[in-house]
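Two independent chains are provided; combine them into the complex using the hints.
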Amino acid sequence: MQKRISNLPFSGTPEQEEKLNAIIARHKDEKGAIMPCLQEAQEVYGYLPVEVQTMIARGLGVSLEEVFGVSTFYSQFSLTPKGRYNISVCLGTACYVKGAANVLDAITKNLGIQPEECTPDGMFSLTACRCIGACGLAPVMTVNDEVYGRLVPEEVDGILEKYKNGDA
Amino acid sequence: MNMVNVKINGMPLSVPADYTILQAAKSAGIDIPTLCYLKDLNEIGACRMCVVEVKGARSLVASCVYPVNEGMEVYTNTPKIIESRKMTLEMLLSVHNKSCLTCKRSQNCELQALCQELGVEDSTSYEGAMPDSTYDDSTLHLVRDNSKCILCRRCVAACANQHVAVIGPNSRGFDTHIGCMFEQPLANVACVSCGQCIVACPTGALTEKDQCADVLAALSDPEKYVVVQTAPSIRATLGECFGMPVGTNVEGKMVAALRRIGFKKVFDTDFGADLTIMEEAHEFLGRVQNGGVLPMITSCSPGWIKFCEHYFPELLPNVSSCKSPQQMTGAMIKSWFAEKEGIDPKNIVVVSIMPCTAKKFEIHRDDMEGAGEGIPDTDIVLTTRELGRLIKLCRIDFTALPDEQFDPAMGESTGAAVIFGSTGGVMEAALRTAADVLEGRSVENIEYKEIRGGAGIKEAVYKIAGMDVKVAVVSGLKNANEVLTKVKNGEADYHFIEIMCCPGGCVNGGGQPIQPSSVRNFTDLRALRAQALYTQDENMPLRKSHENPLIKKAYEEFLGEPGSHKAHELLHTTYVARSRY
Chain A
144 MQKRISNLPF SGTPEQEEKL NAIIARHKDE KGAIMPCLQE AQEVYGYLPV
194 EVQTMIARGL GVSLEEVFGV STFYSQFSLT PKGRYNISVC LGTACYVKGA
244 ANVLDAITKN LGIQPEECTP DGMFSLTACR CIGACGLAPV MTVNDEVYGR
294 LVPEEVDGIL EKYKNGDA
Chain B
16 MNMVNVKING MPLSVPADYT ILQAAKSAGI DIPTLCYLKD LNEIGACRMC
66 VVEVKGARSL VASCVYPVNE GMEVYTNTPK IIESRKMTLE MLLSVHNKSC
116 LTCKRSQNCE LQALCQELGV EDSTSYEGAM PDSTYDDSTL HLVRDNSKCI
166 LCRRCVAACA NQHVAVIGPN SRGFDTHIGC MFEQPLANVA CVSCGQCIVA
216 CPTGALTEKD QCADVLAALS DPEKYVVVQT APSIRATLGE CFGMPVGTNV
266 EGKMVAALRR IGFKKVFDTD FGADLTIMEE AHEFLGRVQN GGVLPMITSC
316 SPGWIKFCEH YFPELLPNVS SCKSPQQMTG AMIKSWFAEK EGIDPKNIVV
366 VSIMPCTAKK FEIHRDDMEG AGEGIPDTDI VLTTRELGRL IKLCRIDFTA
416 LPDEQFDPAM GESTGAAVIF GSTGGVMEAA LRTAADVLEG RSVENIEYKE
466 IRGGAGIKEA VYKIAGMDVK VAVVSGLKNA NEVLTKVKNG EADYHFIEIM
516 CCPGGCVNGG GQPIQPSSVR NFTDLRALRA QALYTQDENM PLRKSHENPL
566 IKKAYEEFLG EPGSHKAHEL LHTTYVARSR Y
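Sequence lines, in order, name chains A and B. For the working numbering, add 143 to where a residue sits in the first sequence, where the first one is 1. For the working numbering, add 15 to where a residue sits in the second sequence, where the first one is 1.
Chain B with its partners taken away, still in its complex shape (with noise of 0.2 Å):
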């Protein structure tokens, strides 16, 4: 590696010629504050929080973006940075609506903290008129108030990232907002509710709809019989709520605080992602069998149902009819359990905890009430940032919780299912269910290690009972976009691909805890994240879908077959065309 001799606050350090001033400094451990920097994602040196001084400089720099070069010599935290840097903010301040106390961000706000650190004094300094902001509310998984916006265009960033690209700056001056093409509310334009940009966003600005008090109403409810699932990957994410180092698996705790706030069953969504998985290798057997439409596309992640709708409506039919394992699993509570515990499925309430705005729009879609009509299979979705709310709102001491298990009715899940959490994952256990079935003895070999890791697009070719299975891998809408061009123009030959709405899967979703830049600028959030994941399923006695009992249980009882008729009835659903104008 080409390296170059800088020194930062005189003190002589070698560094990669490619670095940025931001971070030759952190690799000094000196950490330089952010607004506007997002690594890889919104480079445009414009917020002015980094400024340093590089020796015969004619200005102060943004060293987020300024390279380092040979003999440079740089300076962090001069009298002339300080003030700069606390100017800036109290420039921000005076267009910013400080209602701290109430703000959903509060102790988690970027603006607040850089405040609190760089010790401003006076918010009130360049006091004077207020830009109008708009307050949009129109969507079911967030809201915008403009009014705690600072400008930074990480979200703007984020959502052309995710090839969607429906907010951006409108008007100039002291008039610039964030919003959509002719102002119009976020529901009337193409978003396909993934919440990336609420991850991204440094303030209170941008903030999932939460709906804490509604799962409160329902818990308080005498008619009901309110119970809960997990995704897979909320027991991954959920401990940092609560300041647990990134990439802490937390289940047993999850369990026992859901416990603690009063559902009647805290059930695992990984039931329904292996039940996915037998439905999915179905179809995906029947289709190269009998000719369907190849490739087939996964359909767990409804950020990519959306954008498939808005974007691709021409390959609606590529999409697996399955349900995601949310659905499923509420479809099955609704019905299965309802019938075996016999309760009118009318009072269940099922409340689900996701890694996903975007599951928010999901449940309200056409063709999602698989045990009858005005049933819907999920009442309730909560992000995982919700559940982190909810559980401090009830006052539970999460981190001195004893470990405890998921109900039994449907908590028994494999470790195909955890997996599901991050990208590859869907794609590895439907592998390892259709090897097994193809073959038609039990694989030994199941870890398909080629399509795992952060790539943005994995490809790899499987042997599996004499055939040649073509796979891709892929996480994030822009490259979604690129593999899906090229399967429009004929030009790709896959027979399997698994798209995740999210960049890196449902680990890195919009519903996740937000770290601040100081930490994701310099963390591989994804790849710890999902460590936790496999390291689970290497450790699970039960690795493959199809070998989960309660599933062979649920389709000896229940279902009868996967693909059968009470199957499609349940367990799958439909797709329309959406404009993207």
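Bound-form chain A, shown alone (with noise of 0.2 Å):
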């Protein structure tokens, strides 16, 4: 599937865009310094947009599309950012057959975005992964650190109410 990439505005601070220039003048004569680069990044911003791919290529004298080639390449690189809630819905095959595609759904439409995307309001994003290792509560989503077992579909507006309401 190929990546999607967000369309949020960027909000990165002068603070991050100093560590950015502190990580690509420690790479820039190397060879192969965009992978490094785009790591490093990634931990500062929690994902790759465009602006922070141009300030790499700008930085590396490279082209952007290059840059852009190797973020799209490699699965560990994220084009769209994680809300304060990171929401991981297990699509593995011990989830999926017990329905897990039907509890994304619920949260597709409860929040209006779709997997690899983020809420406007920077609240929830969302994600689909593989098997998480609890397969005896299938099917199983996160939200960041907490874990939910043996959910159906119904369930998932009560559990997000929580989050916006700040109860959780």
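Incorrect hints may appear among the rest.
Claimed, not checked - Selected chain B positions facing chain A (in silico; Cβ < 8 Å):
#	residue
1	Arg187
2	Phe197
3	Pro200
4	Phe413
These are calculated hints, taken from the structure and not from any lab test. No residue lacks a Cβ here, since even glycine has one placed at the ideal position from N, Cα and C.
What follows is the structure, encoded as structure tokens:
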């Protein structure tokens, strides 16, 4: 599947930019500098939007398309930001046969975002992940470090409401 | 030369030690098929079409990148090899948009040709899911249809070789596709419109934006007075569209064909080239004498201009303000010619035949309406390939045509203009005129051989009227980047630089006929095509732009003198800085 590209406004801070410039300076003369720069930039920003990739391309003196090509080749790179609450729905085999797809549908309907997207208010992001090793609880999802098991789609709205109200 | 002995299909052969198996086989008259390989440009051994058997090797090897060695035994046509190549083709076909009947590259498609030659019988062997494919027609000059892309990376290599590198492989596996940064359409990135990607493409994934229909519509409009002009290099390449040998000069037949299509006048952009020299040489002398910005850089090549705007905006003051020959010719048609003939310039449609896709962009630039607001200098640009198709569409028997002459109103030109089509030509033409002007006499030695030939960067110093004129001639934007970086850093002290966007100049432009890799890898297309122009130059009675009687008349009757107010209004233009990212 092709990676989703964030269309949320970029909100990088001067501190983050300073860190990125230091990263670029450190790798500038290395061969294959794009990979480590992207990895470390993702640690700073949480994802790799066009603004960040442009800074890397400019800093390393390579084309932006080359940087983008690398960022879309490796699954470790994300082009969308994570929300305050990152929801991860397991689509591993066990969860899938137990109806995880319906759970995922209920979440996308509630939040209005697709997997690999973030809500405009920065509250929730959604990921479809592979087995997290809790097959006995299938279908499973996590919200940050909180695990929810034996889910049915009807429960989704209630769980999300807790986070929206700040009760969680 | 260090030689090694090899056997190909049992036949002993002695070949240079630095040859690949592909080259060795070619030297024995065996053409190994390739899809991704383009000599000096894309040598990645990825497509697996060129596989051969090497005795003792574990598996089939990619002959395009595999070097020969002493005692090597190679087989090029065993059943195992043929099966492997066929399977490669069948797998490519499984995700290919097989609309060959309506594809512009039909009969000039390397994938189609290989399927024929290798006898692929079943194009549906691996039918199944098809990847999503983009169709990008956002720019003025080309269309990318990824449903016909075979991911050979030739376009990516061609773009990188131009130091532009705005296209590349995105995503991975089944989703891999060629695209731009953040999946932007090509129009939103710093593409220079050179079209080198198109001539590299083995299939119909990249094609010029075809405007033959616009030309036919204009021709059938009774209100319109439709004229055509042809660039210097077209006469040296158009014959290839009709199976003629590379480097055949078809000027006479080209003119005859255009007349039969129905153009009211068939003009020669060479006239505009001579005019360019008058203006550019004058501008150069002015800069030298008045302490203007040097080095001055030529401005005929719109791909180069766009490159400069995106990548070296700080050097825009160095670029000559002269319009390109195409735009000068167009402006003169819609002013001088229109006035003389009593035609309303608003009703004139200027069609130009160009070796270049960037010309399609150039005519829409700002400050390209010399004859008045709303009157573009040129209306429609067709590439050499489109003209080839138009001639076929009009059912004209090209090879049987008689040789005809350009219409005299703007058909007279000199050898200086003809060589514009090759790298070094503009500089040589300018020097011929500048030397005469500065020395105040007719200088006899007019062949500047140091700046001819295929090298990407050529330098020379010429003594003219006691002054050492330092010139550089550059073609290909990678080379331009190298030279301009030096100029920017103050490490070069040229007076005058000619830059052509495409490697080798216009004879190798992005709008020229596409030769398959089997020809391109083993033929110096640029040299053969350029030779046709230099031969014509040699045989012309007039070889200096300022000796063109039509040019003299244009200045006497209409323009005044080079660099006059009127000349500036009509023949000069402006540039804008553009962003790189």
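Now for the hints, and whether the structure bears them out:
| no. | hint | verdict |
| --- | --- | --- |
| 1 | Arg187 | holds, 5 Å |
| 2 | Phe197 | holds, 5 Å |
| 3 | Pro200 | violated, 13 Å |
| 4 | Phe413 | violated, 40 Å |
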